[in-house]
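*Asks:* What follows is each chain in one-letter form.
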Amino acid sequence: MTSKRSHKNCALTKISRRTFLKYTGIIAVGVSWHGIDCFGQQSAIGASKGYLLIDSKKCQGCQTCMLACSLVHEGEENLSLARIQVVQNPFGKYPSDILLAQCRQCIDPSCLLACPTGALHADAQRGYVRIVDSEKCIGCRACVLACPYKPGRGIWNFIGGYAQKCDLCINTPYWDEAGGPSGKQACVEACPIGAITFTCSIPRQNGDAGYDVNLRDLSWKMLGYPLD
Amino acid sequence: MYGHAGKILLIDLTIRRCTIIQTSAYEGWVGGHGLGSALFWDLVKDKTIDGFDPTNLITIMTSPLTGTLATGASARVEVQGIGVQSSPIGWFTRSNVGGRFGTMLKYAGWDGVAVIGQADMPIWIDIRNDAVSIRTATHLWGLDTWETQRQIWKEVIGTSVPGDWFDFDSPGIGRRTTQLPAVLTIGPAGENKCRVASLIHDAGNSSGQGGFGAVWGAKNLKAISVIGTGSVTIADPKALMEARLWAKKNYETHLGKLRDIKDPTPIKFHFGFGAQRVPMVMWRRPKEHRPQACTGCHSGCRTRTGTGQGNESSCIDTEFYSHFDLSSNSGPAIKALIKSLENINQKGTAKAVGLVLGRQTDAAYRTADLMQKLGINAGELWYGLPYLRDLYKMGVLGPGKEIECDLPFDEFGQYEFAEKLLHKMAYREGSAAEIADGFYRAARDWGRLEEDLGSGILRFPWWGLPDHYDARAQIEWGYGSIMGDRDINEHDFNMLFWMASPAIWRGRKPLVSAEEVARIYAEKMEPYQNDSLLLDYSTENIYSEHMAKLVAWHRHYTRFWKQSVLFCDIRYADIFNPNRPDHRGMTGEAEPRFFRAVTGRDLSFADGNEIGRRIWNLDNAIWTIQGRHRDMVYFADYIYTQPFAWQFSGSLSMYYLPGRKNGRWKYIPMEGRTLDKVKFDEWKTHFYELEGWSTATGWPMRSTLEQLDMKPVADALEYNGRIGREIA
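Protein sequence lines correspond, in order, to chains A and B.
Residue numbering for the first sequence follows my numbering, starting at 1 and increasing by one per position.
Residue numbering for the second sequence follows my numbering, starting at 229 and increasing by one per position.
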């Protein structure tokens, strides 16, 4: 776990830590757009070695991912505690009738930077996945509020009184599969439609195109659904 | 029991009081239908009341599996009460609705809601976790179902457009959800107490059968809204996840392997766990659309579209007007062909031509949407609209005709006609407004009931209710419907038709032989397992004790596993699965496996069926008190006098089921068959004997009820003078 102190030591003179991370993030995006992970060396906050990508045009809104996530992490079914959220408008027009909100394992994680105790950290032993140590969490909810996306990807566990977030299934006491970047993710495994996938490549950080991708193939077309 | 929230909400609208019933008091009935029937028995003292009576109890019950990862069992609720649609008696009946209402009810901490009484003004029920309020609905009364829901969403969470967290404990971050409230509501049809009014949830989830929309209207109940942030407890979470992935790996259709399948015909049909992942919509699908599923389902049976039209409508919603749209908007040559076929009474073939060669407009989508918004039962329209049109073509109905009717039949197939028709039904507008209470009652009011049930132009074969799969062909469907209270709408054995017939149409062999499919089905049907004659649909066998066993098994299985545990009918039973090398589905193993993982209770498949038998007997006890007698259990005349012709193909041989001819199994075309009234009556005796009901009356016997631990029910029947006489 990197401490706030080590973050400060990594900052360049005259450039704030946030700016440093912002620009290195952009460089990473520029290079990774071509499928190359530019982080041959450690960044101030190591880039996660795993990301969830979704296809919001493929999703059927069954919320199986949410049910699976809650089940393997909490041992019970609770949509409010699911670390991936599927939001839908029954009267909406495809494709904007469904919004999939997965944690982006941001290169520049606002949630991590907001955490005053380091409970939310990039786990160096497990692929720099942005993860909450619930024992250290003081329940300030700063991480929950800090997420710049809507709905916020930080989950407030109002039952346990601590924050939690997608950990790529590193800690899943109710599932016997190994998780993390080298393992399996419950939402990916459970999704009946193949609308969620896992990648080690850093997605484009600007906008949604890096995280909301096209996972539809010829089989999808054979069923009569659009490919574009 | 794990999986149960622990409490049922009972609301008395007359005195505006909410009471909590502990689910544990009814745990033996498990969930869904079992809970509903037991609650009805206990809380409704006079079971002979009319459905509009304020003391009618409407129950909306989940199951322990609702809100969990159990595939195809997570979303539904069972709706029960005395209906107002059937005739001559409004039976204690059932309906069922999917989407996400049931899951949200569980997350709010409730196993179900029961409503009794009558409010003195329009109200809606606002459930937010364990906080329940009865709110004025005068501003909602008159709104369609979609607008009602949008309005309620704004009132509960401040917006009708989802996208962010809603904090219950605002201004702080505490209990929160991203989900919209789940609302079940009536539309104008229910408000005007139309006997064919439905309950609607989201865009297209419907509790259609029974006329519960009208019952709610009589109670001044506009809507029930629920939003929750709680949990469903699971006995063995690991086992549940394993079960989900096991079912996915071994029984679902794998998208990646679609291209490898040489002949996809067997899995192109819509039903079954292993069905191809296409929605169950019968209209031409627009380019821009996605499949859409109820909570937890692996294979969505409906769609959402780029225009928003037709969202979440499926099956009959999408069929009842689409073929008219197709036919009337096709080119002149096709129109002429269709007309000539209709003129020679080949209506089924005409319909098929329209379906294949017609040109569809958005009339079909807009009509389905309007039907959902007004809250009208699609099933009633499916067979009622052709009846209306037949009367028009006969010169009997129309402007200035014997039956005055101001509908613009020259615009039949266009949206304008449908709009006027649906408005007439929902608002009882203009002439021939009798159709607001259904086409059976309209025919009776017009003095045409006997004639039209005799000719078969009014295809309402059981209890004044519309047809679905024909009793002359799909035997267990018809028998189950007439021995019960309504169109069973259970496709388990209907799969026998869908598995074989499309292959035969294309000149191919069905995936398995008739003998093999009979064997596959029979293996699952404990305690009658391995009696393949249960699946013999030949005329020589359909009045036999074997067919009685089939129907009895079906009643018991569905009463428990599908209507109480709430495995969805579209995906279960998984008896025949085309994705398996041996074609054997997971029914018999899957249902207990999911049930055990969630509840911790080690209930065998057969034990579950036995609970189903208990529930079925309780239902028959209620019907018996309502006035049922074997002498009133018979089909409409046309079932006995008119040869079967499938609605989509006319007299062409297209409806195949397995059976034996000269001792050999084959797929037999059902066209041309009628039922023999005398033989059917004899069959009833087989059925009553099997069920332990009096063969003289059809009433349950005391010995049967006591063996099922229902002595109080036997006592009540005896008190009412309606206990079945024991066989000496």
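Think of the hints as simulated: they come from the structure by calculation, not from any bench.
Predicted model only: the values in this text are computed from it and were never measured.
Every residue, glycine too, gets a C-beta built ideally from N, C-alpha and C.
Hints are not guaranteed to be accurate.
Each computed DMTMM-like pair below joins lysine to aspartate or glutamate, with the alpha-carbon atoms no more than 25 Å apart [to be verified]:
| hint | chain 1 | residue 1 | chain 2 | residue 2 |
| --- | --- | --- | --- | --- |
| 1 | B | K466 | A | E177 |
| 2 | A | K221 | B | D397 |
| 3 | B | K476 | A | D217 |
| 4 | B | K485 | A | E76 |
| 5 | B | K466 | A | E76 |
Okay, the calculated beta carbon distance ranges per label pair [to be verified]:
| hint | chain 1 | residue 1 | chain 2 | residue 2 | range |
| --- | --- | --- | --- | --- | --- |
| 6 | B | Y655 | A | L227 | 56 to 62 Å |
| 7 | A | S96 | B | L918 | 50 to 56 Å |
| 8 | B | P316 | A | D208 | 55 to 61 Å |
| 9 | B | N478 | A | L227 | 25 to 31 Å |
| 10 | B | K648 | A | N206 | 51 to 57 Å |
| 11 | B | E255 | A | S96 | 41 to 47 Å |
| 12 | A | K221 | B | Q935 | 54 to 60 Å |
| 13 | A | K150 | B | K273 | 48 to 54 Å |
| 14 | A | N206 | B | G658 | 35 to 41 Å |
| 15 | B | P755 | A | D208 | 55 to 61 Å |
| 16 | A | K93 | B | T589 | 53 to 59 Å |
| 17 | A | D208 | B | I572 | 40 to 46 Å |
*Asks:* Does each hint fit the structure? Answer for all of them.
*Replies:* Verification of the supplied hints:
1. The suggested pairing of K466 (chain B) with E177 (chain A) holds, with an alpha-carbon distance near 10 Å, which does not exceed 25 Å.
2. Among the hinted pairs, K221 (chain A) with D397 (chain B) is inconsistent with the structure: their alpha-carbon atoms are about 45 Å apart, more than 25 Å.
3. About 20 Å separates the Cα atoms of K476 (chain B) and D217 (chain A), which keeps this hinted pair within 25 Å; it holds.
4. Between K485 (chain B) and E76 (chain A) the alpha-carbon distance is near 33 Å, which puts this suggested pair outside the 25 Å criterion.
5. Restraint check for K466 (chain B) and E76 (chain A): the C-alpha separation of about 10 Å stays at or below 25 Å, so the hint holds.
6. About 44 Å separates the C-beta atoms of Y655 (chain B) and L227 (chain A), a value inconsistent with the hinted range of 56 to 62 Å.
7. Checked against the given bound of 50 to 56 Å, the beta carbons of S96 (chain A) and L918 (chain B), roughly 55 Å apart, stay inside it.
8. Evaluation of the 55 to 61 Å hint for P316 (chain B) and D208 (chain A) yields a pass: the beta carbon distance comes to about 60 Å.
9. In this structure, N478 (chain B) and L227 (chain A) meet the distance hint of 25 to 31 Å, their C-beta atoms being roughly 28 Å apart.
10. Against the hinted window of 51 to 57 Å, the Cβ-Cβ separation of K648 (chain B) and N206 (chain A) comes to about 52 Å, which satisfies the hint.
11. A hinted range of 41 to 47 Å holds for the C-beta pair E255 (chain B) and S96 (chain A), which are about 44 Å apart.
12. Checked against the hint of 54 to 60 Å, the C-beta distance between K221 (chain A) and Q935 (chain B) comes to roughly 57 Å, which is consistent with it.
13. For the hinted restraint 48 to 54 Å between K150 (chain A) and K273 (chain B), the CB-CB distance of approximately 53 Å keeps it satisfied.
14. Checked against the hint of 35 to 41 Å, the pair N206 (chain A) and G658 (chain B) fails, with Cβ atoms roughly 59 Å apart.
15. Checked against the given bound of 55 to 61 Å, the beta carbons of P755 (chain B) and D208 (chain A), roughly 56 Å apart, stay inside it.
16. Taking 53 to 59 Å as the suggested C-beta distance range, the pair K93 (chain A) and T589 (chain B) does not conform, at roughly 19 Å.
17. The beta-carbon spacing between D208 (chain A) and I572 (chain B), approximately 58 Å, falls outside the hinted interval of 40 to 46 Å.
Of the numbered hints given earlier, the model fails hints 2, 4, 6, 14, 16 and 17; all others are met.
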